[in-house]
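Listed below are the residues making up each chain.
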Amino acid sequence: MHIRVINPTITREWEADTCQAYRAVADPETEISVVSLNWGTASIECHRDHALVIPEILNKAMAAEREGVQAVIVDCMGDPGVAAARELLRIPVVGPAEASMHLAAMLGHRFSVLTVLEARIPMMEDQVASYGLEEKLASVRAFDIPVLELERDPHATLQRVIQVSEQAVRQDGAQVIVPGCTGLAGYAGRIQAGLAERGCEVPVLDPPSVAVKTAEALVLLGLAHSKRTYPSPEAKPYRWPGVKLYGE
Amino acid sequence: MTLSKIIIINPTITKAWNEENLDVYHAAAGPGLQLGVVGLEWGTASIEARVDDALAAPGVLQRAIEAERDGAAAVIINCMNDPGLLAAREVVAIPVIGPMEASMHLAAMLSHRFSIITTAAGDIPAVEELAQRYRMRQKLASVRAIDIPVLELLNDSQATLEAMLAAAQEAVCQDGAGAIIPGCTLLAEITPQVSERLCAGGIQIPVLNPPLVALHFAEMLIALRQSHSRRAYPPPGKKPMRWFSPHPALDA
Numbered sequence: 001m002h003i004r005v006i007n008p009t010i011t012r013e014w015e016a017d018t019c020q021a022y023r024a025v026a027d028p029e030t031e032i033s034v035v036s037l038n039w040g041t042a043s044i045e046c047h048r049d050h051a052l053v054i055p056e057i058l059n060k061a062m063a064a065e066r067e068g069v070q071a072v073i074v075d076c077m078g079d080p081g082v083a084a085a086r087e088l089l090r091i092p093v094v095g096p097a098e099a100s101m102h103l104a105a106m107l108g109h110r111f112s113v114l115t116v117l118e119a120r121i122p123m124m125e126d127q128v129a130s131y132g133l134e135e136k137l138a139s140v141r142a143f144d145i146p147v148l149e150l151e152r153d154p155h156a157t158l159q160r161v162i163q164v165s166e167q168a169v170r171q172d173g174a175q176v177i178v179p180g181c182t183g184l185a186g187y188a189g190r191i192q193a194g195l196a197e198r199g200c201e202v203p204v205l206d207p208p209s210v211a212v213k214t215a216e217a218l219v220l221l222g223l224a225h226s227k228r229t230y231p232s233p234e235a236k237p238y239r240w241p242g243v244k245l246y247g248e
Numbered sequence: 249m250t251l252s253k254i255i256i257i258n259p260t261i262t263k264a265w266n267e268e269n270l271d272v273y274h275a276a277a278g279p280g281l282q283l284g285v286v287g288l289e290w291g292t293a294s295i296e297a298r299v300d301d302a303l304a305a306p307g308v309l310q311r312a313i314e315a316e317r318d319g320a321a322a323v324i325i326n327c328m329n330d331p332g333l334l335a336a337r338e339v340v341a342i343p344v345i346g347p348m349e350a351s352m353h354l355a356a357m358l359s360h361r362f363s364i365i366t367t368a369a370g371d372i373p374a375v376e377e378l379a380q381r382y383r384m385r386q387k388l389a390s391v392r393a394i395d396i397p398v399l400e401l402l403n404d405s406q407a408t409l410e411a412m413l414a415a416a417q418e419a420v421c422q423d424g425a426g427a428i429i430p431g432c433t434l435l436a437e438i439t440p441q442v443s444e445r446l447c448a449g450g451i452q453i454p455v456l457n458p459p460l461v462a463l464h465f466a467e468m469l470i471a472l473r474q475s476h477s478r479r480a481y482p483p484p485g486k487k488p489m490r491w492f493s494p495h496p497a498l499d500a
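Heads up: the sequence lines are chains V and L, in that order.
So in the numbering used here, spot 115 of the first sequence is number 115, and the numbers just go up one at a time.
Convert by adding 248 to the 1-based position in the second sequence; the result is the number in the numbering used here.
Calculated directly from the structure, the hints in this document are not laboratory data.
On a predicted model such as this, the values are computed, not experimentally measured, just so you know.
Fair warning: there could be bad hints in the mix.
Stated by the list, open to error - Which bits of chain V does chain L cover? Going by a derived footprint, with three or more residues having C-beta under 8 Å, they are:
| id | region |
| --- | --- |
| 1 | 106 to 113 |
| 2 | 192 to 205 |
Stated by the list, open to error - Here chain V is said to cover these stretches of chain L; the calculated rule only asks that three of the stretch's residues, wherever they fall, bring their Cβ under 8 Å from a Cβ of chain V:
| id | region |
| --- | --- |
| 3 | 340 to 353 |
| 4 | 383 to 393 |
| 5 | 425 to 433 |
| 6 | 447 to 454 |
| 7 | 458 to 468 |
| 8 | 472 to 486 |
Cβ atoms here follow ideal geometry from the backbone N, Cα and C, with glycine treated the same way.
Hey, can you work out the whole structure from these sequences and the hints?
Written as structure tokens, this is what we have:
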């Protein structure tokens, strides 16, 4: 099968690492391809960024379906554009945050999500509630490193994330940790090991890995999103550069 | 290639179902998996009431521990009441999957709300209690029943299909369901037909096959090398215990 991962930013430099992150636990027979956006922002941290990237995410999602791809994943823990894409597509559209949070909910009584900046905590709490999972949420905590600075000092990033995770476990009662930025792809194992060394043995999920296995499962199960929940929109006049909204 | 073994627990004393269970799972298992099914020595013939859950749980614990000792990578409890699920997670470190929990979470990812179609009307409160336990009440549109006892479901497949379909249509049109979960693993084999008939009637929604959903979550956790949080299910402490036949939980 072929899964398309949309890097929902204009930062093409991330494509190679993104592809590697999604291939990590994908079935050997699964083809993974990554595309970035023509229009949007360099990273996604706020509502403004969501507003500017979602239209092009929809364009890329429709293109993927036309190319015969079997599932789409949007590589961002804000799950931007996922709900709208599900209206336009018949193939599954997976958001890594939704997939990871549901798995986290199955692995422990409560989970915590680690987001980038303090100001993003309400947004992430709202997102958890939108999935109906707020009773399974221990807390959202921030590790205070902007997305574009995560890789400046990976060791410092790792130590900071471990520190905040430990607070979530010991103070908030988290029993599972969900890293709230796909810029932390590949860190989960080291975060989990670092926590274990400090006497906090909890699963730390890798959202790209959870997303790719969820997408594979949906394709193999022959399932896609409900057309009752995400009905195809009625055609109407529209104007947007380079897009055929109703497949005309 | 090292094969990962998944043990499916048939939480009843009805040995005839072991073979059928295995067929359902085998049809969907990937090449890296080895599957086995085991039934219970003590319990009831089918699981419908809370009493059935209670009498199944000790046997589920036994089979889960034995599976782990035999090198299984994961265990699936093949019953939509998820009997013994939380207890089993305390006594083994490998993932234990309950198809009801797994199906609720997958349905929640695919729709705004889902409905569960169970067998007896008397089961409806217990199913709602499960949704409460998993904190999924908000995503549950309704629980409906087809009023055919589990032990009679396979007597007249056509009648069972028509009853499922009618209940599914009502769930969608009256209760606002965006997805359907069959509330009994024996209903799994007719899910494709329920889905096709709904689609033919203009209702395009996911109809889940719970055993296969459970299988995919088991495979996912094996691929992720993850299992349940030990903080959520701490291994119980030692204490005096007694049982009427050998039980591995007493050896711990």
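Hints and how they fare:
| no. | hint | in the structure |
| --- | --- | --- |
| 1 | 106 to 113 | holds (count 4) |
| 2 | 192 to 205 | holds (count 4) |
| 3 | 340 to 353 | holds (count 3) |
| 4 | 383 to 393 | holds (count 4) |
| 5 | 425 to 433 | holds (count 3) |
| 6 | 447 to 454 | holds (count 4) |
| 7 | 458 to 468 | holds (count 6) |
| 8 | 472 to 486 | holds (count 8) |
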